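Residue numbers (my numbering), protein chains in the order written: chain A, 599 to 808; chain B, 3 to 249; chain C, 16 to 256.
Any given hint could be a false lead.
Unchecked claim - Straight-line Cα separation of at most 25 Å, DMTMM-like style, residue types lysine to aspartate or glutamate; simulated pairs:
#1 B:LYS155 with C:ASP109
#2 B:LYS48 with B:GLU202
#3 C:LYS38 with A:ASP709
#4 A:LYS615 with A:GLU635
#5 A:LYS768 with A:ASP791
#6 A:LYS768 with A:GLU725
#7 C:LYS250 with A:GLU659
#8 B:LYS155 with A:GLU612
#9 B:LYS155 with B:ASP49
#10 B:LYS14 with B:GLU202
#11 C:LYS250 with A:GLU672
#12 C:LYS250 with A:GLU757
#13 B:LYS241 with A:ASP654
#14 C:LYS250 with C:ASP109
#15 B:LYS89 with B:GLU154
#16 A:LYS615 with B:ASP49
#17 B:LYS241 with A:ASP614
#18 C:LYS250 with C:ASP101
#19 C:LYS38 with C:ASP54
#20 A:LYS615 with A:GLU601
#21 B:LYS246 with B:GLU229
#22 C:LYS250 with B:ASP148
#23 B:LYS89 with B:ASP153
#24 A:LYS615 with B:GLU202
#25 B:LYS155 with A:ASP614
#26 A:LYS661 with A:GLU750
#27 B:LYS89 with B:GLU202
#28 A:LYS768 with A:GLU780
#29 C:LYS250 with A:ASP791
#30 A:LYS615 with B:GLU154
#31 C:LYS38 with A:GLU672
#32 A:LYS615 with B:ASP128
#33 B:LYS14 with A:ASP614
#34 C:LYS250 with A:ASP654
#35 B:LYS14 with A:GLU621
#36 C:LYS38 with C:GLU82
#37 B:LYS155 with A:GLU659
#38 C:LYS250 with A:ASP614
#39 C:LYS250 with C:ASP110
In case anyone wonders, no lab produced these hints; they're calculated from the structure.
Bear in mind the structure is a predicted one, so any value in this text is a computation, not a measurement.
Okay, here's what each chain looks like letter by letter:
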Amino acid sequence: MSEPLLQAVNLQCERDKRMLFRELSFSILPGTVTRVEGPNGSGKTTLLRILAGLNDAWTGELKWCGTPVASQREAFLRNMLYLGHRPGIKPLLTPTENLRALMAGRRPVADAALSQALQGTGLTGYENVPCRNLSAGQQRRVALARLLVADEPLWLLDEVFTAIDADGVKALEALLQQRAAEGGAVLVTTHHDLALPGMHRLTLGAGGAP
Amino acid sequence: MWQFFHKLGSPKWFFGISTRFMPWLLAGGILLLMSGVIWGLAFAPKDYLQGNSYRIIFIHVPTAFMAQSVYIMMASAALVTLVWRMKLADVFVKAVAPVGLVLTFLALFTGAVWGKPTWGTWWIWDARLTSMLILLFLYGGVIALDRAINDEKSAARAVAVLVLVGVVNIPIIKYSVEWWNTLHQPATFKLTEKPSMPAEMWVPLLLSVLGLYLIFGWLACVRMQTEILSREQRTRWVKEFVMKGRV
Amino acid sequence: MNAEVRPAVRLASSSVGVLAAMKGVFARDMRVAFRQRQDLLNPLLFFVMVVTLFPLGVSPEVSFLSEAGAGILWVAALLSVLLSLDHLFRHDFDDGTLEQLVLQPQPLFLLILAKTIAHWMLTGLPLVILTPVLGVMVHLDGNSIAILCLTLLIGTPVLSLIGAIGAALTLGLRSAGVLLSLLIIPLYIPVLIFGTGTVAAAAEGASVGAYLALMGAFLMLALTLAPFAAAAALKISLSNA
Numbered sequence: 599m600s601e602p603l604l605q606a607v608n609l610q611c612e613r614d615k616r617m618l619f620r621e622l623s624f625s626i627l628p629g630t631v632t633r634v635e636g637p638n639g640s641g642k643t644t645l646l647r648i649l650a651g652l653n654d655a656w657t658g659e660l661k662w663c664g665t666p667v668a669s670q671r672e673a674f675l676r677n678m679l680y681l682g683h684r685p686g687i688k689p690l691l692t693p694t695e696n697l698r699a700l701m702a703g704r705r706p707v708a709d710a711a712l713s714q715a716l717q718g719t720g721l722t723g724y725e726n727v728p729c730r731n732l733s734a735g736q737q738r739r740v741a742l743a744r745l746l747v748a749d750e751p752l753w754l755l756d757e758v759f760t761a762i763d764a765d766g767v768k769a770l771e772a773l774l775q776q777r778a779a780e781g782g783a784v785l786v787t788t789h790h791d792l793a794l795p796g797m798h799r800l801t802l803g804a805g806g807a808p
Numbered sequence: 003m004w005q006f007f008h009k010l011g012s013p014k015w016f017f018g019i020s021t022r023f024m025p026w027l028l029a030g031g032i033l034l035l036m037s038g039v040i041w042g043l044a045f046a047p048k049d050y051l052q053g054n055s056y057r058i059i060f061i062h063v064p065t066a067f068m069a070q071s072v073y074i075m076m077a078s079a080a081l082v083t084l085v086w087r088m089k090l091a092d093v094f095v096k097a098v099a100p101v102g103l104v105l106t107f108l109a110l111f112t113g114a115v116w117g118k119p120t121w122g123t124w125w126i127w128d129a130r131l132t133s134m135l136i137l138l139f140l141y142g143g144v145i146a147l148d149r150a151i152n153d154e155k156s157a158a159r160a161v162a163v164l165v166l167v168g169v170v171n172i173p174i175i176k177y178s179v180e181w182w183n184t185l186h187q188p189a190t191f192k193l194t195e196k197p198s199m200p201a202e203m204w205v206p207l208l209l210s211v212l213g214l215y216l217i218f219g220w221l222a223c224v225r226m227q228t229e230i231l232s233r234e235q236r237t238r239w240v241k242e243f244v245m246k247g248r249v
Numbered sequence: 016m017n018a019e020v021r022p023a024v025r026l027a028s029s030s031v032g033v034l035a036a037m038k039g040v041f042a043r044d045m046r047v048a049f050r051q052r053q054d055l056l057n058p059l060l061f062f063v064m065v066v067t068l069f070p071l072g073v074s075p076e077v078s079f080l081s082e083a084g085a086g087i088l089w090v091a092a093l094l095s096v097l098l099s100l101d102h103l104f105r106h107d108f109d110d111g112t113l114e115q116l117v118l119q120p121q122p123l124f125l126l127i128l129a130k131t132i133a134h135w136m137l138t139g140l141p142l143v144i145l146t147p148v149l150g151v152m153v154h155l156d157g158n159s160i161a162i163l164c165l166t167l168l169i170g171t172p173v174l175s176l177i178g179a180i181g182a183a184l185t186l187g188l189r190s191a192g193v194l195l196s197l198l199i200i201p202l203y204i205p206v207l208i209f210g211t212g213t214v215a216a217a218a219e220g221a222s223v224g225a226y227l228a229l230m231g232a233f234l235m236l237a238l239t240l241a242p243f244a245a246a247a248a249l250k251i252s253l254s255n256a
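Start from the sequences, fold in the hints, and give me the full structure.
Pasting the structure below:
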């Protein structure tokens, strides 16, 4: 058995005097895709933000490769990719510039790899158009191109299927599975009807613990 | 040690222990403050230069002194909030900030009242008064930020950062205002800085400062208890307290 | 399903160096700013307009202007930096760039320092460059203008650095702009006092080296402490979002 990449022990989170979840424990193994499920307001986004380290109004324990995240934050951040509702795309910059800026703090990426990633998400011909002139779906695809150049093994993806057409959805599903096959792990929230073979589910809402 | 620390952070424990102390704080505070003020106002000797009008220092100095030390106390609590995340420290900052604001305002007001007979004008851009005015702004900012953030945990931590930034700035502000003052109004008559004060003057002053400290302690406890009840309203002990009237 | 053999995880151990990451943040902010040049001009126009109000509203007399001019320019510069602070994190917050910034492996306070330097180069520095023109318009003499520019050169970065704390604290709040001013103006007072005081001292023929050194000390203090406070504030604001 391989060691879990990410482990949550007794997570508890309260927001605006309402308990979102308590005694929530789970392990994310390498090679898995996990869908975080639950009704609106059950704390899916909050859970992903807690795991990413953006939200710190929680108690419990988070471990990265068996060691508390807090004691190795840099290593954790280097190996984790979080994409939120707002994916970090600047409307004034072109897709290429956006990707380059997003990768600037991570690892050096050759321009060829960037244009290849944009090609891979069907943005050929739009590489040098400011993102504000692109459609919502195309802007979303710029964020997905970020996934194509990603080398982080852990992906936390919040509503990435929003505003993407059928072809894009297929490509994205394939991408998630490929990441898992390469030994990574993906946590994803979506309203889209996602059912990948071997997909794990983490259900929030009814009592919290899966 | 950790046990004690943990206990100290528990709102319930604080609620119980403070209820026991509060009457003593209030009684002692009133006693000291009254004796200090009455002594100062009625029995202390007249000032050779200012006559009777100087007597307002028995109110002005304690409030000004408290206004500043409340900010320092808030800063210590803010540090505890950020480092140990102790609930009680958040509650303290939130509860005493308005008290600090009122004390600062009182210090400014009594300063102005004192200014009228002394300088013939209600307001003068004296270094001390100006520093107090800026302190009033700092308190105002802390309260405004606290009110603006809905989530109480975030509010407490944001306020803690602001209070700490403020406390780093207070000595710088004081120093620069004093420098500014010498630049623009070379050495006039200064508030409260007497070459030497006879014991008949400073003993009542000391008494009123101590008295105000105790009353502040009592007021802080009252406000903290109110805040704790509102924060912990869903816990069992608060419900029991409301039903039975004791912890 | 656990029976299958899982592929090994490949963990990355190194990331881009701190300097390269700071350069990336700086370059992006500069590039975005130059795509929207109007936003760069706004604080400058505001600066000029506020200065114009004084001759109109108080007195156009040479004696008044030459005495109050340095103070007027300093206050106007302070206000226009204050006005521009709201943008420091707001757009990044709205489009999610800020989340990605916080999640970069490098120390956050250094990335914020890079952003603040970009902010200063886009607002404070242009104000300093514009100051001689306005200095002539308010009848300051050449020496005073030179000293004024020097104090603004040292002082405006302090304004940006302290302002970053306020911008981070008020991020995502209703009426953040007004609140930001309330929090930050008291903290600006020492810089303002020494900025204008230095010019006044120079006009009286005093030596200003010590005052400039003191302002330099303010700058060093702000450089070392403010990014930490802003980073802490930013994390709190994001956590609340």
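Results for each hint:
1. For the hint pairing B:LYS155 with C:ASP109, the CA-to-CA distance comes to about 22 Å; that is within 25 Å, so the pair holds.
2. The straight-line distance between the Cα atoms of B:LYS48 and B:GLU202 is roughly 10 Å, inside the 25 Å bound, and the hint therefore holds.
3. Simply put, C:LYS38 and A:ASP709 have alpha-carbon atoms about 17 Å apart, close enough for the 25 Å limit, and the pair holds.
4. A threshold of 25 Å between alpha carbons decides the hint, and for A:LYS615 with A:GLU635 the separation of about 22 Å falls inside it, so the pair holds.
5. Between the alpha carbons of A:LYS768 and A:ASP791 the distance comes to roughly 12 Å, so the proposed pair stays at or under 25 Å and holds.
6. For the hint linking A:LYS768 to A:GLU725, the alpha-carbon distance of about 22 Å falls within 25 Å, and the restraint holds.
7. Taken as a hint, the C:LYS250 and A:GLU659 pair is honoured in the structure, with Cα atoms around 19 Å apart against an allowance of 25 Å.
8. At most 25 Å may separate the alpha-carbon atoms for a hinted pair to count; B:LYS155 and A:GLU612 meet this at roughly 10 Å.
9. Restraint check for B:LYS155 and B:ASP49: the C-alpha separation of about 51 Å exceeds 25 Å, so the hint is violated.
10. A C-alpha spacing of about 44 Å is found between B:LYS14 and B:GLU202, which places the hinted pair above 25 Å, so the restraint is violated.
11. Under the criterion of a C-alpha separation no larger than 25 Å, the hint pairing C:LYS250 with A:GLU672 is consistent with the structure, at around 16 Å.
12. Of the supplied pair hints, the one linking C:LYS250 and A:GLU757 holds, its CA atoms being roughly 22 Å apart against a limit of 25 Å.
13. For the suggested pair B:LYS241 and A:ASP654, the alpha carbons sit about 29 Å apart, so the restraint of at most 25 Å is broken.
14. For a cut-off of 25 Å, the pair hint linking C:LYS250 to C:ASP109 stands: about 15 Å separates their Cα positions.
15. Simply put, B:LYS89 and B:GLU154 have alpha-carbon atoms about 11 Å apart, close enough for the 25 Å limit, and the pair holds.
16. Simply put, A:LYS615 and B:ASP49 have alpha-carbon atoms about 58 Å apart, too far for the 25 Å limit, and the pair is violated.
17. Taking the CA atoms of B:LYS241 and A:ASP614, the gap is near 20 Å; set against the 25 Å cutoff, the hint holds.
18. For the hint pairing C:LYS250 with C:ASP101, the CA-to-CA distance comes to about 17 Å; that is within 25 Å, so the pair holds.
19. Taken as a hint, the C:LYS38 and C:ASP54 pair is honoured in the structure, with Cα atoms around 22 Å apart against an allowance of 25 Å.
20. This hinted pair does not check out: A:LYS615 and A:GLU601 have alpha carbons roughly 36 Å apart, beyond 25 Å.
21. Proximity of B:LYS246 to B:GLU229 is assessed by CA-CA distance (about 19 Å); at most 25 Å being required, the pair is judged to hold.
22. Using a Cα cut-off of 25 Å, the hinted pair C:LYS250 and B:ASP148 holds, with the two alpha carbons roughly 17 Å apart.
23. For the suggested pair B:LYS89 and B:ASP153, the alpha carbons sit about 14 Å apart, so the restraint of at most 25 Å is met.
24. Proximity of A:LYS615 to B:GLU202 is assessed by CA-CA distance (about 55 Å); at most 25 Å being required, the pair is judged violated.
25. Between the alpha carbons of B:LYS155 and A:ASP614 the distance comes to roughly 9 Å, so the proposed pair stays at or under 25 Å and holds.
26. The straight-line distance between the Cα atoms of A:LYS661 and A:GLU750 is roughly 17 Å, inside the 25 Å bound, and the hint therefore holds.
27. Proximity of B:LYS89 to B:GLU202 is assessed by CA-CA distance (about 44 Å); at most 25 Å being required, the pair is judged violated.
28. Proximity of A:LYS768 to A:GLU780 is assessed by CA-CA distance (about 18 Å); at most 25 Å being required, the pair is judged to hold.
29. This hinted pair does not check out: C:LYS250 and A:ASP791 have alpha carbons roughly 33 Å apart, beyond 25 Å.
30. Only pairs whose Cα atoms come within 25 Å are accepted, and A:LYS615 paired with B:GLU154 is accepted, the gap being roughly 9 Å.
31. Distance check on the hinted pair: C:LYS38 and A:GLU672 sit about 19 Å apart at the alpha-carbon level, within 25 Å; holds.
32. A hinted pair counts as satisfied when its Cα atoms are at most 25 Å apart, and A:LYS615 with B:ASP128 does not qualify at roughly 47 Å.
33. A hinted pair counts as satisfied when its Cα atoms are at most 25 Å apart, and B:LYS14 with A:ASP614 qualifies at roughly 21 Å.
34. A C-alpha spacing of about 9 Å is found between C:LYS250 and A:ASP654, which places the hinted pair at or below 25 Å, so the restraint holds.
35. In summary, the hint linking B:LYS14 to A:GLU621 is supported, as the alpha carbons are separated by about 24 Å, within the 25 Å threshold.
36. Between the alpha carbons of C:LYS38 and C:GLU82 the distance comes to roughly 42 Å, so the proposed pair goes past 25 Å and is violated.
37. Using a Cα cut-off of 25 Å, the hinted pair B:LYS155 and A:GLU659 holds, with the two alpha carbons roughly 19 Å apart.
38. Straight-line distance between C-alpha atoms of C:LYS250 and A:ASP614 comes to about 18 Å, which keeps the hinted pair within the 25 Å bound.
39. Taking the CA atoms of C:LYS250 and C:ASP110, the gap is near 16 Å; set against the 25 Å cutoff, the hint holds.
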